[in-house]
Amino acid sequence: PLYHAAAVMASNYLVALFDVAVGLFTRLGLTPGAAQESLWPLIDATLDNLRTLGPEKALTGPISRADLGTVRTHLLRLAEHDEKVATVYRALGVATVALAQRAGRITNAEAGELLKLLEGDKS
-18 PLYHAAAVMA SNYLVALFDV AVGLFTRLGL TPGAAQESLW PLIDATLDNL
32 RTLGPEKALT GPISRADLGT VRTHLLRLAE HDEKVATVYR ALGVATVALA
82 QRAGRITNAE AGELLKLLEG DKS
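The opening residue of the sequence shown carries number -18 in the numbering used here; numbering runs sequentially from there.
Keep in mind the hints are simulated off the structure, nothing from the lab. Keep in mind that the hints are not guaranteed to be accurate.
[Stated by the list, open to error] Here are the simulated SDA-like pairs of lysine to any residue, each with C-alpha atoms no more than 20 Å apart in a straight line: (1) K38 <-> E91; (2) K97 <-> L56; (3) K38 <-> A84; (4) K97 <-> Q82; (5) K38 <-> A60; (6) K38 <-> A(-9); (7) K38 <-> D25; (8) K97 <-> A60.
[Claimed, not checked] Pair ranges (Cβ atoms, derived): (9) R32 <-> V(-11): 18 to 28 Å; (10) Y(-16) <-> R53: 19 to 29 Å; (11) P13 <-> A90: 36 to 46 Å.
Even glycine gets a Cβ: it sits at the ideal position worked out from N, Cα and C.
Sequences are here, hints too, so could you generate the full structure?
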């Protein structure tokens, strides 16, 4: 079951994430086709980096920079759009914090602050 779950996460859920991203872009006014086309360069570069560098070195984005402001803004806007999508963002964000920490990109203190934000702690 773990083997199959890993395969589902790497394949089926990647497709679902693409669909969610297309949905967010269409909310901004892009057609589904234009949204898909605009995502391909990012996805292609990400897959190339993942293949050649591995997860720790391929990781980019606000969590890898401990950019709390950007993550906070994403969460606010996603919650306004669709709470289920915000929940997915939070769950994947928690996994990304662990990866960024393992890669030495963020400190323990930064990881703690990000996790508070992602897990909904308003303190």
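Straight-line Cα separation of K38 and D25 no greater than 20 Å? holds, 16 Å
Under the criterion that the straight-line Cα-Cα distance not exceed 20 Å, is the pair K97, A60 satisfied? holds, 16 Å
Okay, R32 versus V(-11) on CB: inside 18 to 28 Å? About 20 Å separates the Cβ atoms of R32 and V(-11), which means 18 to 28 Å holds.
Mind checking the alpha carbons of K38 and A(-9) for me, to see if they're no more than 20 Å apart? holds, 18 Å
Whether the CB-CB distance between Y(-16) and R53 falls inside 19 to 29 Å: violated, 37 Å
Does the alpha-carbon distance linking K38 and A60 stay inside the 20 Å limit? It is violated: about 30 Å lies between the C-alpha atoms, which goes past 20 Å.
20 Å Cα cutoff - pair K38, A84: Status holds; Cα separation ~7 Å.
Taking 20 Å as the top limit, are the C-alpha atoms of K97 and L56 close enough? Holds. K97 to L56 sits at ~12 Å (cutoff 20 Å).
Note whether the CB distance of P13 and A90 lies within 36 to 46 Å or breaks it. Taking Cβ atoms as reference, P13 and A90 lie about 41 Å apart, which means the hint holds.
Hint consistency between K38 and E91 [alpha-carbon to alpha-carbon, up to 20 Å]: At roughly 18 Å apart (the allowed maximum being 20 Å), E91 and K38 satisfy the hint.
For the pair supplied as a hint, K97 and Q82, confirm whether the alpha-carbon distance does not exceed 20 Å. holds, 15 Å
Violated hints for the displayed structure, listed by number in ascending order: 5, 10.
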